[in-house]
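*Asks:* Now for the letters of each chain:
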Amino acid sequence: MGMGKYIAQRLLFTLFVVLGISILIFFITHIVGNPVDIMLPLQATDVEREALTKALGLDKPMMEQLWIFLRDFSRGDFGISWWQNRPCMEVIMDRLPISMWLILLASMISVVCAIPLGILAAYRPGSILDRVVTIFSTAGICFPPFWIGLMLMLIFAVKLGWLPTSGMGTWKHLVLPAVSISFRPMGHLAQIVRFEMIQQLNALYAVTARAKGVTEMTLLFKHALKNIMTASLTMIGNDYCKQLGGLSAAVEVVFGFAGFGHLISETIENMDFPLLQAEVFFVAIIVCLINLLTDILYAAFDPRIRY
Amino acid sequence: MEETKQKPILSVKNLGTSFFLREGEVKAVDDVSFSLNKGECLALVGESGSGKTVTALSILRLIVWPPGKIVSGEVNLDGVDVFSLPMKEMRNVRGKGIAMILQEPMSSLNPSQTIGRQIQEAVEINQGLKGEAAKKAAIDMLGVVRIPSPEKRYYNYPHELSGGMKQRIMIAIALACRPKVLIADEPTCSLDVTIQAQILRLMQQLRKEIETTILFITSDLGIVAEMADRVAMMYAGQLIEILDVYKLWDAPAHPYTKGIMGSIMAMKEGGRLSIIEGDPPNLLHLPSGCHFHPRCQYCQDICKTQVPAYTDLDGDGKHWVRCHFPLRKDK
Ligand SMILES: Nc1ncnc2c1ncn2[C@@H]1O[C@H](COP(=O)(O)OP(=O)(O)OP(=O)(O)O)[C@@H](O)[C@H]1O
Ligand code: SF4
Ligand SMILES: [Mg+2]
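Each protein sequence line maps, in turn, to chains A and B.
Sequence positions in the first sequence follow the working numbering and run 7 to 313.
Sequence positions in the second sequence follow the working numbering and run 40 to 370.
Derived from the structure by calculation, the hints contain no laboratory data.
Yeah, the Cβ is synthetic: ideal placement off N, Cα and C, and Gly gets one too.
Careful: at least some of the hints might be erroneous.
[Claimed, not checked] With a Cα cut of at most 30 Å, we get these calculated DSSO-like pairs of lysine-lysine:
#, chain 1, residue 1, chain 2, residue 2
1, B, K77, B, K135
2, B, K135, A, K232
3, A, K232, B, K127
4, B, K219, A, K228
[As the list claims (entries may be wrong)] Stretch-level coverage of chain A by chain B, calculated; a stretch enters the list once three of its residues show a Cβ under 8 Å from a Cβ in chain B:
#, region
5, 196-210
6, 298-311
When you get a sec, could you build the whole thing from the sequences and use the hints?
*Replies:* Here it is in structure tokens:
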């Protein structure tokens, strides 16, 4: 099977996943309760209730409601946010792209640091360097990102004044939140790289390579690095999805960064169901696309993968 | 120990390699000495776990610590004291000095690199060729090991080849190093019988063509007669007998060698296979004295307490045996 056909197939599959998720969102919303009760104050009259029910289309048969719901979703019409009183799509487009950039920057920082760290540790397992890397990566995983964020803010913004404490607008505003977010994925990735690298260096093909006179450096960078990429990519992709799905919220709050994670927590606080639906929908699509992207990239690193 | 008129190209003296495990020290190779003359083929024979592979890896200093470590000995390659070299200079020994064909062709190639590149890498490092010239040399090597349409195969990945083909690639990589000594570690053991025969024939042809010195590791004595000039027998990490190949059938001196040869002859004559009685040795709890003594029918008291030293049986440095009571044909 060719690459093009594979991608087409996977996109079709993604479409089905998105459809499934939309239907799931629809039914869950209906199980959760009547939106009319949530939207109107307790002392609302029956007339008011009926008017809203009609306005929301809740008096129509279930299947018709589902159909309208799916039709609107497919047009990018996610309804009006109760909390902000404007289309959900607009709200999300205000907040999602900046967070995608922020988390992409965090991923890049984590990759750039984690791969060398993991390799250094794997080069001499049990050495002092290895222990330092292990402690560092464990710390990166254990410390809460918002705490790391606060510390970084105190040092680099408050004390040294190199970077702004909070807000948005320039690339400088991205640096501290991105670094704070990057610590956890960096720790995870460094550990994966270390583990995978040790396996590679102990593999039989490494013995073959050394036996023909290949140096350790060539072995690491020309042979082994390519072989640990599939595992690393999986990790990087998963982490990106997790961060985008709300994990970045605490850091965004610390830095007063009006991003997507922050938006999700605000949406929940405000019980804004249409907006929440739209957010879930977007996260689902992005997760599917990132999985697709990693699957395609696998083939670049592992010739055994054929589409 | 061995005194031959010719100066050997590779000599191994009192080599000891241990694995330090939680359960204790495993002496995988213990006081092993032998030497190889230029152009000859020495077969290193022994049952599974007797330390053949570890011996070979130790010579190339490819034992990984932890848990393995070379604890004693000396290896001399054409006048170079291998164990005293700094690790950086080992790349002059590995490849051009000694090349090795690993036991397990299925997993001994890098899965994400084309086989052509992997041969070419050996060419580049050891023959000093670059670019197109190196590529051409790599393609030529594919031809040497009788891979059909080498120009196309150059671009294949290991998973696209059969086991027999992969073993040919392993041989090509080793030969591309133009080594002074070639170590072939059971190059046929994981292949099926017909492919085994093909690979063996190839090895024999190549031996004539390129005249390298070969350390041929195997647990199959049937192969030994076809390939080797001399045989070194290993048992429980020790080298117990070295002798010319024709003597193996005629006059083995160590009871273990004799036992094995007996079982092979019985098999050939259609008789019942008389495997040597008793359990194979456990390297963690080796019997005292001669490690073979619990299974030896000639065992006497001294065997249980004293490790036998190497004896030069005929006084001509050709037949060495580690036994207190070596068997002599005429007695
Ligand atoms: N990496 C290792 N860790 C621990 N013990 C090892 C290791 N490698 C080898 N050994 C020990 O060394 C002993 C000798 O192993 P070796 O691979 O040299 O045997 P062999 O003669 O090549 O056997 P085979 O015919 O099965 O290849 C084994 O019994 C094993 O217990
Ligand atoms: S030393 Fe003794 S026990 Fe060992 S092989 Fe010789 S006779 Fe047998
Ligand atoms: Mg072996």
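*Asks:* A separate judgement is required for each hint: does it hold in the structure or not?
*Replies:* Hint check results:
1. B:K77 to B:K135: holds, 15 Å
2. B:K135 to A:K232: holds, 27 Å
3. A:K232 to B:K127: Distance ~24 Å between K232 of chain A and K127 of chain B Cα, so the pair holds.
4. B:K219 to A:K228: With Cα atoms ~27 Å apart, K219 of chain B and K228 of chain A stay inside 30 Å; holds.
5. 196-210: Coverage by chain B holds here, the residue count being 3 at a Cβ distance below 8 Å.
6. 298-311: With 4 residues closer than 8 Å to chain B, the region 298-311 of chain A meets the three-residue bar; holds.
In the structure shown, no violation is registered for any of the earlier numbered hints.
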